[in-house]
Amino acid sequence: MVDLSVTIGSLKLKNPLLPASGTFGYGTEFMKFYDVNQYGAIITKSLTLEPRSGNTMPRIAETNCGLLNSIGLANVGLDVFLNETLGTLQHITCPIIVNIAGSTIDEYIAVARQLSSLPQIKGIEINISCPNVKQGGMAFGTDPGITSQIVSSIREVYSNTLIVKLTPNVTDIGIIARSAVDAGADALSLINTVLGMRIDINTKRPLLNTITGGLSGPAIKPIALAKVFQVARSVDVPIIGIGGITSWEDVIEFLIAGATAVEIGSLHFIDPSGPQLMLEGIKNYCKKNSIHKITELINSLESENND
Amino acid sequence: MKTILLHKCLIIKNIPITNHIYKISFKSPDIALNSAPGQFLQLRITENLDPFLRRPFSISRVDKKRGIIDILYKVIGRGTELMTHFKNNDLIDVVGPLGNSFTIDDNFQEALIIAGGIGCAPVFYLIDELIRKDKNIKLIFGSKTRKQLIDFNEYGNKIDVLICTEDGSCGIKGLVTDIILKEIPDSFDSVQGFACGPNPMYKKIHDLFSASKSIPWQVSMESKMACGTGVCQGCAIKVKTNEYKLVCSQGPVFNLKDINFNG
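Heads up: the sequence lines are chains B and E, in that order.
Residues in the first sequence are numbered consecutively from 1, following my numbering.
Residues in the second sequence are numbered consecutively from 308, following my numbering.
If we strip away everything but chain E, and leave its shape as in the complex, we get (with noise of 0.2 angstroms):
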C-alpha cells in the first residue's frame, strides 16, 4: 500500500517545556504506524505564504496506540515563533515521513546516545524503540544550562542518564563531548553510538572517535532544508568521497565515519 504522506493533523497540545523549546502534539494515526526514529517531517507554518517554506522537525515520539506525534521546536525565529501560536484543534498541514531512520539491528547490545540541546528531539522515539528491543541504553544529554534542560526522568531506571550543563547549574560542568571518552565501556565491542545534536557536536566527536575508541555512530545531521523530498537539492552535505548528499532524501541519519568536515 502506499504511505499517505500529505497529512492535515488536529492538534492536541502545543506547550513550553523549557526556556523557549516547546512541545506539540497532533493525531496522525498513519504517521504513528508509518514512521521509525530519525526520520522527520516537514510543517507547514501559515496557509498563506510568508513564512514560504515549511520547517522540518524529526518527530520526537510517536505513541502508536493512540495515533498521537509529538514534536520538540526551539523558538529561533520567525517560522518557530508563528507556531508557538497554533491552538489546540487547529489543523496543521504536515508532510511525511521523510527521510531515513537509525538502525537498531542485532550487532549491538549496549547503545550510548549522546544529545546536545534541541537536537535530542528524536531520541525519545529512539529510546522507546531501543528498550522495545531490549537494548541497554546510556545516554549523555547536555544543554547551555539547567533551564534548557528536558526531562528524561520518566524512563527511570530503564535506562542510564547521565546530564551536562555548559555552565555547570546542573549536573556535570561541560560539553557533552568533554566527557563522552570516560563514559564508553573498556569493552565496547557491541556499543552503538547514536548522536543527535548540532554539527559541530558531531565533528568533535568524530575527531575523538577517530583518535582512540572507535565506536560505530550514527548520526541525526543538520542542514538547510527547503524542500524536504530531494529534488531541490539545498540542504547537501559533503561525504569523505567529497560527492554530496542530501540530508533530506539520503539522511538525516548518517554513519558519523562517512562525513567530511572539512569540506
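Next comes chain B alone, as it looks inside the complex (with noise of 0.2 angstroms):
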C-alpha cells in the first residue's frame, strides 16, 4: 500500500489531488460524471462578498496547448452561497476549501469572517491573482506589502487552514511569497494563469473582450514548475502546484520540485473523467520506485546545481 495522504496546514488530505478553483464550480456539475470525492479536498470557484455576474463576451479563446480566459469571478456572492450554495454540499465528504476574492481588503476579511464560523468550511484559498479583474486580483498579488497586509489581516480574523494562491506575473515571486508566509499563510498556491492575449488578424480585434486574459493550460506547465521550484526555496510552507497538470507524470514532476500537493485544472473542460486513473498511475509509480510515503517525493529533485 502506498500512503498518498499530505498535510496542508491543518488539513490533513487523503491524496494530493485537488481540484482548481474556478475550474469545477461548486463540485455538484461533476457530479454526474463520477464521484468528487476522489479528490483530496474540493476548491470552490471564488467567491466574493457581492455577486458578480461576470466579464461581457467573449471570455475565451483558444490557444496553442491552452486556453485564455477572462471569466471576471463571476459567482453567486456570500448570501446565495450561504443561504443555498452550501446545501447543495452535503455529498461532498472531502474537505472543501472556499476560494476567496474582493476589491477591498474589507471585502476579503468580511468573506473570511463568515466563514470561520462554518463547520463544514475547512480552509480559505486566498486568490489574490485573478488577471482579470480592475480592482483587487493580482493588482494585490503583485505587490508584496499589500499581500501581507491582506494575508494579516485575514489571519485575524481566520483560524482554519489559510492558502494564498500567487500570481506568477512578477518579476520575483519568491518575494510575495515569503511576504504572505510572514503574514501567516499556512500554504501558498501557484500558479494561478499567465497573463496573455490573441488577436484575429482580419480585424484587429482581440479574441477577448477584456483585450488580455489568463492563459492556462499545458502550454504554462513549464512555467508552473520552475515558479514552484523557486518558491519551495524561499519559504518553509507547503506549496500546492497549479498550472496545466494532465496527467499523473505531471503530478509527480510538480512533486519532485517541491510541490506537496496539486490543483488540477483546465483539463476539468476536456476530461471529466474524474483523477482516479491519475491517482491509479501515482500508485504504480511509487510501488514501481519503493516508495511507501507520497511525501518521500517532495522536494526530491537530484543533482541540484544550486552555485
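Simulated from the structure, these hints should not be mistaken for lab results.
Every residue, glycine too, gets a C-beta built ideally from N, C-alpha and C.
The reader is advised that the hints may include incorrect statements.
For each label pair, taking beta carbons as the anchor points, the in silico distance ranges come out as [what the hints assert, rightly or not]:
id	chain 1	residue 1	chain 2	residue 2	range
1	E	His392	B	Asp35	43 to 51 angstroms
2	E	Ile438	B	Arg113	57 to 65 angstroms
3	B	Lys288	E	Glu461	39 to 47 angstroms
Calculated from the model, a selection of chain B residues having no Cβ within reach of chain E, i.e. all distances over 12 angstroms [unchecked claim]:
id	residue
4	Thr7
5	Phe30
6	Glu84
7	Ile105
8	Arg155
9	Leu195
10	Lys204
11	Ile211
12	Phe229
13	Thr246
14	Gly281
15	Lys287
16	Ser303
Dock chain one against chain two, each of which comes alone in its own frame, and use the hints as you go.
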C-alpha cells in the first residue's frame, strides 16, 4: 500500500489531488460524471462579498495547448453561497476549501470572517492573483506590501487552514511568497494564470473582451514548475502546484519540484472523467520506485545546481 | 439509473455532404436512447492536447433502433479540418448528451422551423420528433449559395420546405429572415417557432416578431465554449434581466424573447 496522504496547514488530505478554483464549480456539476470525493479536497469557485455577473463576451479563446480566459470572477456572492450553495454541498465528504476574492481588503475580511464560523469549510484559498478584474485580484498579489497586509488581516479573523494563491506575473515570486508566509499563510498555491492575449488578424480585434486574459493549460506547465521550484526554496510552508497538469506524470514532476499537493485546472474542461486514473498512475509509479509515502517525493530533485 | 456521459464511439461514416460540410456518424446506443433534439455533444479532436479544447456539436440525428448518431460539421478551422481525417472504425471520444432540448408539447400543432447554414444541424432530429408527434411542419432553410444547401428531400411531403439562397442560385433570393413574415399563417395561435442558425439571424427574428406577429420562438444559441458542463462560465449570453446564462448548461435552447441582443 502506498500512503498518498499529505498535510496542508491543519488539513490532512487522503491524496494530493485537488480541483483548481474556477474549473470545478461547486463540485456539484461533476457529480453526474463521477464521485468528486475521490479528490483530496474540493476547492470551490471564487467567492466575493457581493454577487458578480462576470465580464462581457467573449470570455474565452483557445491557444496552442491552452486556453485564455477572462471570466471575471462570476459568482453568486456570499449571501447566496451561505443560504443556498452550502446546502447543495452535503454530498461532499472530503474537505471543502473556499476560494475567496474581493475588490478591497475589507471585502476579503468580511467573507473570511463569515466562513470561519462554518464547520463544513475546512480552509480558504485567498485569490490575490486573478488577472481579469479591474480592482483587487492580481493588483494585490503583485505587491508584497499589500499581500502582507491582506494575509495578516485575514489571519486575524480566520484560524483554519489559510492558503494564498499567487500570480506568476511578477518579477520575483519568491518575494511575494515570503510576504504571504510571514503574514501567516499556512500554505501557498501557485501559479494562477499567466497574462496573455490573442488577436484576430482580419479584424485586428483582440479575441477577448478584456483584451488580455489568463492563460492556462499545458502551455504554462513549465512556467508553473519553475515557479514552484523557486518558491519551494524561498519558504517553509507546503506548496500546492498548479498549472497545466494533465497526467499523473505531471503530478510527480510537481512533487519532485517541491509541491506537497497539486490542483488540476483546465483538464476538467476536456476530460470530465475524474482523478481516479491519475491516482492509479501515481500509485503505480510509487510501487515501482519503492516509495511507501508520497511525501518522500516532495522536494526530491536530484543534481540540483545552486551555484 | 445514472446517464452515461463519457463514450468511446466507433465511427462508421465521415463524408462531405456539401461544400465544406461533413456528416460524421458513429455508434452509441446510449446517446441514441438518452438524448433529445437540441442537445449537443463535446468531441475530442485529438489524443494529444493540441487543439486543447473539445468541440461542441449539436446532435443532428439519431437512429434509436440502430444506435447511430449523426453530427454535421463545417470545416472552419484547425479542429474541424482535423476531424475530416477521422476514418471508419476509429474510436471517437464523446461527452454527452449535454444541455437542454427543444420543448415539443401539446400547446402547438404547427411548427415553423427557420434554419440558416450549418446551424441547421439539429433540425433533422427536431423534425423526426415533430413528425413522431404528428405536428404540421414548415421548414424555411437558407444558405449562401446552392453549393451549400443541405438536402431535406428525404422527408418528401411529410414537411413543407421552402429554400432560399443569398445569391439566388436556388429557391428564393435572400435571407430566411427576409421571407419569414410572409410565411406565418394568419391565424398563428398554435404556431411554435424553432430557429437554428447564427446568432445574428436570431436577432433579426427577434426584431421582426417583437414589432408585429408574436409567436413563441425556441432558439438554439451559439457561443464559444470550453467545458460544456457549466463549470468554466465561458459561454455566457446576456438575457433580458441583464443576467448571464450559460449556453452549455442552461441552454443551448432558449426562448427568443428572453435573449438580450443589446448586451
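- Query: Holds or violated: is the Cβ of glycine 281/B farther than 12 angstroms from all Cβ atoms of chain E?
  - Reply: Its Cβ never comes within 12 angstroms of chain E, the nearest being 16 angstroms, so this holds.
- Task: Please settle this one: phenylalanine 30/B was flagged as non-interface, so is its CB more than 12 angstroms from every CB on chain E?
- Result: 7 angstroms, violated
- Would arginine 155/B pass as off the interface with chain E, using Cβ distances and a cut of 12 angstroms? Given that every Cβ of chain E is farther than 12 angstroms from that of arginine 155/B, nearest at about 30 angstroms, it holds.
- Item | Separation of lysine 287/B from chain E, once the least beta-carbon distance is taken, above 12 angstroms | Correct as stated: the minimum Cβ-Cβ distance to chain E is 26 angstroms, above 12 angstroms.
- Taking 57 to 65 angstroms as the hint, is the beta-carbon distance of isoleucine 438/E and arginine 113/B inside that range? For isoleucine 438/E and arginine 113/B the Cβ distance comes to about 60 angstroms; the hint holds.
- Against chain E, does isoleucine 211/B hold up as non-interface, every C-beta pair farther apart than 12 angstroms? 16 angstroms, holds
- Query: Is the nearest CB of chain E more than 12 angstroms from the CB of lysine 204/B?
  - Reply: 19 angstroms, holds
- Query: Should the label of isoleucine 105/B as a non-interface residue stand, given a Cβ cut-off of 12 angstroms to chain E?
  - Reply: Given that every Cβ of chain E is farther than 12 angstroms from that of isoleucine 105/B, nearest at about 26 angstroms, it holds.
- Message: Over 12 angstroms from every CB of chain E: does threonine 7/B meet that, or does the non-interface label fail?
- Response: Given a closest Cβ separation of 28 angstroms, the condition holds.
- Item | 12 angstroms Cβ clearance of phenylalanine 229/B from chain E | Fine: 22 angstroms to the nearest Cβ keeps phenylalanine 229/B off the interface.
- Task: Run the C-beta distances from threonine 246/B to all of chain E and say if the shortest one exceeds 12 angstroms.
- Result: Threonine 246/B not clear of chain E: closest Cβ-Cβ about 6 angstroms, inside 12 angstroms.
- Message: Given a hint of 43 to 51 angstroms, does the C-beta separation of histidine 392/E and aspartate 35/B actually sit inside it?
- Response: 36 angstroms, violated
The structure fails to meet hints 1, 3, 5 and 13 from the earlier list, while all remaining hints are met.
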